[in-house]
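Asker: Below are the chains, spelled out letter by letter.
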Amino acid sequence: QKEVEQDPGPLSVPEGAIVSLNCTYSNSAFQYFMWYRQYSRKGPELLMYTYSSGNKEDGRFTAQVDKSSKYISLFIRDSQPSDSATYLCAMSSGYSSASKIIFGSGTRLSIRP
Amino acid sequence: DSGVTQTPKHLITATGQRVTLRCSPRSGDLSVYWYQQSLDQGLQFLIQYYNGEERAKGNILERFSAQQFPDLHSELNLSSLELGDSALYFCASSVDQASYEQYFGPGTRLTVT
Numbered sequence: 001q002k003e004v005e006q007d008p009g010p011l012s013v014p015e016g017a018i019v020s021l022n023c024t025y026s027n028s029a030f031q032y033f034m035w036y037r038q039y040s041r042k043g044p045e046l047l048m049y050t051y052s053s054g055n056k057e058d059g060r061f062t063a064q065v066d067k068s069s070k071y072i073s074l075f076i077r078d079s080q081p082s083d084s085a086t087y088l089c090a091m092s093s094g095y096s097s098a099s100k101i102i103f104g105s106g107t108r109l110s111i112r113p
Numbered sequence: 001d002s003g004v005t006q007t008p009k010h011l012i013t014a015t016g017q018r019v020t021l022r023c024s025p026r027s028g029d030l031s032v033y034w035y036q037q038s039l040d041q042g043l044q045f046l047i048q049y050y051n052g053e054e055r056a057k058g059n060i061l062e063r064f065s066a067q068q069f070p071d072l073h074s075e076l077n078l079s080s081l082e083l084g085d086s087a088l089y090f091c092a093s094s095v096d097q098a099s100y101e102q103y104f105g106p107g108t109r110l111t112v113t
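Protein chains in written order, with this note's numbering: chain A, 1 to 113; chain B, 1 to 113.
This is chain A alone, in the form it adopts within the complex:
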């Protein structure tokens, strides 16, 4: 079993819809949770990161962490065609081991105009 599980998709939604992307994990030591966006033929770019449980909002993006369920989510409101990309969740157990970030396999998202 992988430490981080992510549905590969593809996920296709109409423009303006609310998108929900999710990851589950097995390592209860994970405390730092990140979401990266990767456009085709580009490197990943960090969207958001959160520490421990709770919500974090940044514009149209909201990240949620539920440590009791070992489940994290990224919500995209008012989705745009420019949001079409692969979204990777990532997590780590501590600041000192930040370099050992474990990535999910990524979910391909397509926003239909």
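Treat the hints with care, since some could be wrong.
Said to hold, decoys possible - Within a straight-line C-alpha distance of at most 27 Å, the following computed DSSO-like cross-link-like pairs (lysine-lysine) qualify: (1) A:Lys56 to B:Lys57; (2) A:Lys56 to A:Lys2; (3) B:Lys9 to A:Lys56; (4) A:Lys2 to B:Lys9; (5) A:Lys100 to A:Lys42; (6) A:Lys56 to A:Lys100; (7) A:Lys56 to A:Lys42; (8) A:Lys42 to A:Lys2; (9) B:Lys57 to B:Lys9; (10) A:Lys56 to A:Lys70; (11) A:Lys2 to A:Lys100; (12) B:Lys9 to A:Lys67; (13) B:Lys57 to A:Lys100; (14) B:Lys9 to A:Lys70; (15) A:Lys67 to A:Lys2; (16) A:Lys70 to A:Lys100; (17) A:Lys2 to A:Lys70; (18) A:Lys56 to A:Lys67.
As the list claims (entries may be wrong) - Below, a sample of chain A positions facing chain B; criterion: calculated Cβ distance under 7 Å: (19) Tyr32; (20) Leu47; (21) Tyr49; (22) Thr50.
Note that these hints are calculated values from the structure, not bench results. In this text, all values refer to a predicted model and were calculated from it rather than measured experimentally. Here a beta-carbon is modelled for each residue, glycine too, at the ideal position from N, C-alpha and C.
Let chain A serve as the given structure and place chain B on it in line with the hints.
Answerer: Just chain B now, with coordinates in the frame of chain A:
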């Protein structure tokens, strides 16, 4: 543009050969990370250097090695190449030696034939 540069963009070589991938971090960043991204394994952390010294190792094969030079650029050396080494290789950089805010380069696509 993340400010991280990688060369070459594409590399095609034969099994058994040796190649060198190059990365220049963002101006001011002292940490360099190397990742391998393949379809079946996702994004895997290989190794990290901070200010010229190795800081952390991930799933890096013994046939692979890396170094970071005094000008902070880094090279990843892959030797005795196998078909399974075909993948995208990303370099990322960050200011600190433990940071979740990693900036990824555009990657080098390696094809081993």
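Asker: Kindly indicate which numbered hints from before are broken by the structure, ordering the numbers from low to high.
Answerer: 1, 3, 4, 12, 14, 20 and 22
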